[in-house]
Amino acid sequence: MKRLIITGALVLTAVAAAGFVLTRAAPLDADRFDSIDGDASRGETVFIASGCASCHAAPDAEGDGKRVLAGGQRFDTDFGTFAAPNISPDREAGIGDWTVTEFASAVTRGVSPEGRHYFPAFPYTSYVHMTDQDVADLWAFWQTLPADATANAAHELAFPFNIRRAIGLWKQIYMPDGFVLSQPETPEVERGRYLVEALAHCGECHTARSALGGMQRSSWLEGADNPSGRGKIPSLVPDDLDWSATDIAYYLESGFTPEYDSAGGHMVAVIENFAQLPKSDRQAVAAYLKALP
Amino acid sequence: MKIFITSAVAAATLFTGSLAYAQDDFSGQLKARQGQFRIMAINLGILGDMAKGETEYNAVAAQAAADTLVAVSMIQQAPMWPEGSDEMSIDGTRAQTTIWEQTDDFQSKWADFGSAAEAMQASAASGQDALGPLMGQVGGACKACHDDHRAPAD
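Protein chains in written order, with my numbering: chain A, 1 to 293; chain B, 1 to 154.
Since the hints were made in silico from the structure, they are not lab data.
Given the structure is predicted, the values throughout are model-derived calculations rather than measurements.
Yeah, the Cβ is synthetic: ideal placement off N, Cα and C, and Gly gets one too.
Mixed in with the good hints, there may be bad ones.
Simulated crosslink set (DSSO-like; lysine-lysine; CA at most 27 Å straight-line) [claimed, not checked]:
{"id": "1", "chain 1": "A", "residue 1": "Lys232", "chain 2": "B", "residue 2": "Lys31"}
{"id": "2", "chain 1": "B", "residue 1": "Lys31", "chain 2": "B", "residue 2": "Lys109"}
{"id": "3", "chain 1": "B", "residue 1": "Lys109", "chain 2": "A", "residue 2": "Lys66"}
{"id": "4", "chain 1": "B", "residue 1": "Lys109", "chain 2": "A", "residue 2": "Lys232"}
{"id": "5", "chain 1": "A", "residue 1": "Lys232", "chain 2": "A", "residue 2": "Lys290"}
{"id": "6", "chain 1": "A", "residue 1": "Lys290", "chain 2": "A", "residue 2": "Lys279"}
{"id": "7", "chain 1": "A", "residue 1": "Lys66", "chain 2": "A", "residue 2": "Lys279"}
A few chain B positions that, by computed beta-carbon distances, are all more than 10 Å from chain A [as the list claims (entries may be wrong)]:
{"id": "8", "residue": "Asp25"}
{"id": "9", "residue": "Leu30"}
{"id": "10", "residue": "Gly35"}
{"id": "11", "residue": "Gln76"}
{"id": "12", "residue": "Ala78"}
{"id": "13", "residue": "Pro79"}
{"id": "14", "residue": "Thr103"}
{"id": "15", "residue": "Trp110"}
{"id": "16", "residue": "Ala111"}
{"id": "17", "residue": "Ser115"}
{"id": "18", "residue": "Glu118"}
{"id": "19", "residue": "Ala125"}
{"id": "20", "residue": "Gly127"}
{"id": "21", "residue": "Asp129"}
Could you put the whole structure together from the sequences, leaning on the hints where they help?
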């Protein structure tokens, strides 16, 4: 009996330890960015391509106001309502007192400076592919942005989705090891892959999600239900999207489909960003989409 | 007898009332407003294909298309957007209730299309290079309104 109790205790301890390890929030090494200098002007391109302002600007921000990352937009999902936080360089209300490594841990691993998991409404399962240089450039650009003192609104999530520790397990399942398109055949396709799979995080909306809310990478970019509950987000794979590469690039520049209907919904923000990128980047996205199986 | 007449009148009122309701599917208004968007798309296609380089630039054709966009922008909109012709009330439209809740915003976005069309009209004949930015301006006006006032496609 005593033996059974000891064995039981050992098993429980092992399970707890394994659970602890599996669910902990692991930041990046503190010295990882010591020898990387960030370039703010390059960082602006990363900022635009990554669509940071599309979610973190205030709900009705227009024009230059979209560079004020005060937060406050709300996102309704099956798991509850997420409120985008203030990520402006304000030292109190925003993230102005972070180090570059803390910023990188947040963006690419979904780990806060306090060692907590962020909810994956923050698309770190895509940003995980971001290069260290791009993260450093982005952080350098961040220092040029205006600070804002707006306080964060709370997320409204139901149990059990509000248990942050459980996100550690979720990450074990859904943080990708590598890119979906493993062998880009040209540098252009490789650039397109980086834009689509990492920075512009297209898969977050255009790929269907599992019951646990992770991207089903086996049906990559094949379309999904709109998380708002209304309408479908279209498939981008060649079997479904028969637009020419020119049409795709032009859509990302102007918002016009080949039939000259125009974009609506969240794609409006996406196109606003893509229109500011070099033409070669829009063409790279088109080349990548054409290269998908 | 009096009761009968009253009832008959009430029934007749109800009946004609429901008849009137049945006719209010706003099909004429829907055809008109969707038709004007179709005219816009066809003429934007002429300009956009030239901007993309898919068809050869032709100043006369570009000017005619731009003139048509301006003509559409001058069609008075109010009669085509009666109260109750939104996507929650009837089929066949993606017009969101916000059009009637934020009428000023809707009208100002329609006016922005007019400004973009006039800019296109002023410069469409001046060369292929000019078309790209002009299309961007028109596209911006389309997107701004669709973003707020058009429901997602099914």
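Structure-based check of each hint:
Restraint check for Lys232/A and Lys31/B: satisfied, since their Cα atoms lie roughly 25 Å apart, inside the 27 Å limit. A C-alpha spacing of about 21 Å is found between Lys31/B and Lys109/B, which places the hinted pair at or below 27 Å, so the restraint holds. The straight-line distance between the Cα atoms of Lys109/B and Lys66/A is roughly 19 Å, inside the 27 Å bound, and the hint therefore holds. At most 27 Å may separate the alpha-carbon atoms for a hinted pair to count; Lys109/B and Lys232/A meet this at roughly 26 Å.
With a CA separation close to 21 Å, the supplied pair Lys232/A and Lys290/A stays within the 27 Å bound. Note on Lys290/A and Lys279/A: the hinted pairing holds, with a Cα-Cα distance of about 17 Å set against a maximum of 27 Å. Restraint check for Lys66/A and Lys279/A: the C-alpha separation of about 22 Å stays at or below 27 Å, so the hint holds. A cut-off of 10 Å between C-beta atoms confirms that Asp25/B is not in contact with chain A; the least separation is 22 Å.
Distance check for Leu30/B against chain A: the nearest CB is about 16 Å away, which clears 10 Å, and the non-interface claim stands. At roughly 14 Å from the closest C-beta of chain A, the C-beta of Gly35/B stays outside 10 Å, upholding its exclusion from the interface. Chain A leaves Gln76/B outside its interface by the beta-carbon criterion, the shortest separation being 22 Å against a cut-off of 10 Å. The Cβ of Ala78/B sits about 23 Å from the closest Cβ of chain A, beyond the 10 Å cut-off, so the non-interface label holds.
With a least CB separation of 24 Å from chain A, Pro79/B remains clear of the 10 Å interface cut-off, as annotated. No Cβ of chain A approaches the Cβ of Thr103/B within 10 Å, the least distance being about 17 Å, so the stated non-interface status holds. Against chain A, the non-interface label of Trp110/B holds: every CB pair exceeds 10 Å, the least being about 14 Å. Under the 10 Å C-beta cut-off, the non-interface status given to Ala111/B relative to chain A holds; the minimum distance is some 16 Å.
For Ser115/B, the shortest C-beta to C-beta distance to chain A comes to about 16 Å, beyond the 10 Å cut-off, and the non-interface label holds. Its beta-carbon lying about 18 Å from the closest one in chain A, Glu118/B satisfies the requirement of being farther than 10 Å from that chain. For Ala125/B, the shortest C-beta to C-beta distance to chain A comes to about 20 Å, beyond the 10 Å cut-off, and the non-interface label holds. A cut-off of 10 Å between C-beta atoms confirms that Gly127/B is not in contact with chain A; the least separation is 18 Å.
Separation of Asp129/B from chain A is adequate, the least Cβ-Cβ distance of about 14 Å exceeding the 10 Å criterion.
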